[in-house]
Amino acid sequence: MKPQRRSLLKRLFASVAGITGLGVAASKAEASVAAPQKEVFNVVNEKDVPLFSGSTKLGNLVFVAGKGYHKEGDIKVHTDEVLKELEKELIKAGSSMEKVLKVNVYLHDLNDYKGMNEVYKGRFGSKPPVRTTVAVYGGVPGDSLVEMDCIAYI
Amino acid sequence: MKPQRRSLLKRLFASVAGITGLGVAASKAEASVAAPQKEVFNVVNEKDVPLFSGSTKLGNLVFVAGKGYHKEGDIKVHTDEVLKELEKELIKAGSSMEKVLKVNVYLHDLNDYKGMNEVYKGRFGSKPPVRTTVAVYGGVPGDSLVEMDCIAYI
Amino acid sequence: MKPQRRSLLKRLFASVAGITGLGVAASKAEASVAAPQKEVFNVVNEKDVPLFSGSTKLGNLVFVAGKGYHKEGDIKVHTDEVLKELEKELIKAGSSMEKVLKVNVYLHDLNDYKGMNEVYKGRFGSKPPVRTTVAVYGGVPGDSLVEMDCIAYI
Chain A
1239 MKPQRRSLLK
1249 RLFASVAGIT
1259 GLGVAASKAE
1269 ASVAAPQKEV
1279 FNVVNEKDVP
1289 LFSGSTKLGN
1299 LVFVAGKGYH
1309 KEGDIKVHTD
1319 EVLKELEKEL
1329 IKAGSSMEKV
1339 LKVNVYLHDL
1349 NDYKGMNEVY
1359 KGRFGSKPPV
1369 RTTVAVYGGV
1379 PGDSLVEMDC
1389 IAYI
Chain B
1239 MKPQRRSLLK
1249 RLFASVAGIT
1259 GLGVAASKAE
1269 ASVAAPQKEV
1279 FNVVNEKDVP
1289 LFSGSTKLGN
1299 LVFVAGKGYH
1309 KEGDIKVHTD
1319 EVLKELEKEL
1329 IKAGSSMEKV
1339 LKVNVYLHDL
1349 NDYKGMNEVY
1359 KGRFGSKPPV
1369 RTTVAVYGGV
1379 PGDSLVEMDC
1389 IAYI
Chain C
1239 MKPQRRSLLK
1249 RLFASVAGIT
1259 GLGVAASKAE
1269 ASVAAPQKEV
1279 FNVVNEKDVP
1289 LFSGSTKLGN
1299 LVFVAGKGYH
1309 KEGDIKVHTD
1319 EVLKELEKEL
1329 IKAGSSMEKV
1339 LKVNVYLHDL
1349 NDYKGMNEVY
1359 KGRFGSKPPV
1369 RTTVAVYGGV
1379 PGDSLVEMDC
1389 IAYI
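Residue numbers (our numbering), protein chains in the order written: chain A, 1239 to 1392; chain B, 1239 to 1392; chain C, 1239 to 1392.
So that you can see chain A by itself, here it is in the shape it has in the complex:
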């Protein structure tokens, strides 16, 4: 096999692997690929045992944990802080607000729907993610007025 051709194959393969987030271990005469593995960020422990991660990544998909805000404030303050928490996780994982595909919003009270929207709108850019909103009336952990999670890409 001529060096030129092998080189093209390698570049081609590296491109495909790069896009799908695969690691490449190319030996001299043969290209082989490791299966995609999960990466995790900001692991939270419970008594030194892993409980959940702030985000997980597989290939070009990023999953962010449900975020609440556990201090004083109305729905606008809580929505703003929760969105900032999502953004921190997204950036940590190599993504961004503009690359979010799906958001789930869990309100403490459905009466906060409009206030949440006022702060929420525009925060994900001109091509916003899909969204599913429900209220759970006392069901959000840690007295947060709203909890949100998301799925994004890199």
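Check the hints yourself; a few may be wrong.
All copies of an identical chain are treated as equivalent in the list; a pair is satisfied when it fits inside any one copy or across any two copies.
The calculated lysine-lysine pairs, modelled on BS3-like cross-linking and capped at a C-alpha distance of 25 Å, are [what the hints assert, rightly or not]:
1. Lys1314 to Lys1359
2. Lys1314 to Lys1276
3. Lys1309 to Lys1330
4. Lys1359 to Lys1285
5. Lys1352 to Lys1314
6. Lys1309 to Lys1285
7. Lys1322 to Lys1285
8. Lys1359 to Lys1276
9. Lys1352 to Lys1285
10. Lys1314 to Lys1326
11. Lys1309 to Lys1365
12. Lys1276 to Lys1309
13. Lys1330 to Lys1365
14. Lys1285 to Lys1314
15. Lys1365 to Lys1326
16. Lys1365 to Lys1285
17. Lys1352 to Lys1330
Bear in mind the hints are in silico, worked out from the structure with no lab data behind them.
The hints should help you fit chains B and C onto chain A, whose structure is shown.
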């Protein structure tokens, strides 16, 4: 490099790229690939600012927003209308009910579980998606008796 | 085209296809690829009509249905049994607890949060999935104290 070989490489590459939903920009001697980008459909604005999309698409994955029905009717009417709304979004994004992978169902009242099932069953073909159902007792926006979202593929 | 080169192309292509979970139908001079198709496991019927699946698989992604436990027991018993149900579905689909990316937890009562955590922690290995937890106060079907679903990979 001989034309024949380059041609095969291009076809191979086009196939892989087509499957994973990637755009291809092949120059003369080298193939390069653009990273997958999000597409969005049916964007809903709040005071001219993008709030959420009806669906988002990345590669061959499609995410559909939570859908409710905001008119009169019992759980069977609401379930039927919500499923029709999901189907519209799926078709718009190039998918279908048969290609749904996961559905989340949020009932207003758990007593509607059986009525919802009666209308829901069979609507996604012989290989139905997974489903997670909970009731949120007043937590569905816009007085809908049920809200559903889904993840699908194309 | 020399046999040696074609052989390398085939191996390369088989590797890529294998990773992305695609079927390969390679003819003599040309490689062609079938689009990824959904697989489903443990389909549940309602009066002989498909209602939902225990899990669905597309490429290397696995989606598991919401699981509850419908017998006696406190939150620790229910959490343990629900996690075992998730694991069964994951293994059936070719995945495992260590390969879970995202979990959604729906508690009957937010007061069970700590008890759920005690049993939950460590069950997904050292790189745990993200998690979103809310309580729905009577909204979990079948009197289960907790319902969980997940997204994983293979």
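Next on the checklist: One pair to classify: Lys1365 and Lys1326, alpha carbons no more than 25 Å apart. Within, between, both, or neither?
Outcome noted: Result: close both inside a copy and across copies, 20 Å intra and 19 Å inter.
Item to check | Within, between, both or neither, where Lys1365 and Lys1285 count as close if Cα-Cα is 25 Å or less | outcome: Classified as between: cross-chain Cα gap 15 Å, same-chain 41 Å, threshold 25 Å.
Checklist entry - Given identical chains, is Lys1352 near Lys1330, meaning Cα to Cα at most 25 Å, within a copy, between copies, both, or neither? => result Classified as neither: same-chain Cα gap 30 Å, cross-chain 28 Å, threshold 25 Å.
Next on the checklist: For Lys1352 and Lys1314, with the copy left unspecified, which applies at a CA distance of at most 25 Å: within, between, both, or neither?
Outcome noted: Within one copy only: 10 Å inside a chain, 28 Å across chains, cut-off 25 Å.
Next on the checklist: Within a copy, between copies, both or neither: which one fits Lys1276 and Lys1309 at a CA-CA cutoff of 25 Å?
Outcome noted: neither (32 Å within a copy, 34 Å between copies)
Checklist entry - How would you classify Lys1309 and Lys1365 at a CA-CA limit of 25 Å: within, between, both, or neither? => result neither (31 Å within a copy, 29 Å between copies)
Item to check | Intra- versus inter-subunit Cα pairing at 25 Å for Lys1309 with Lys1330 | outcome: Answer is within: at 23 Å inside a copy they meet the 25 Å cutoff, but 42 Å across does not.
Next on the checklist: Please sort Lys1285 with Lys1314 into within, between, both or neither, judging by C-alpha distance up to 25 Å.
Outcome noted: between (33 Å within a copy, 17 Å between copies)
Checklist entry - At most 25 Å between C-alpha atoms: does Lys1314 with Lys1326 qualify within a copy, between copies, both, or neither? => result For Lys1314 and Lys1326, the Cα distance is within 25 Å only inside one copy (18 Å; across copies 33 Å).
Checklist entry - Are the CA atoms of Lys1314 and Lys1359 at most 25 Å apart within a copy, between copies, both, or neither? => result For Lys1314 and Lys1359, only the intra-copy Cα distance (12 Å) is at most 25 Å; the inter-copy one is 32 Å.
Checklist entry - Is the C-alpha distance from Lys1359 to Lys1276 at most 25 Å within one copy, between copies, in both cases, or in neither? => result For Lys1359 and Lys1276, only the inter-copy Cα distance (18 Å) is at most 25 Å; the intra-copy one is 31 Å.
Checklist entry - Under a CA distance limit of 25 Å, which applies to Lys1359 and Lys1285: within one copy, between copies, both, or neither? => result Only across copies: Lys1359 and Lys1285 sit 9 Å apart there, 38 Å inside one copy, limit 25 Å.
Hints 2, 11, 12 and 17 from the list above are not met by this structure, while the remaining hints are.
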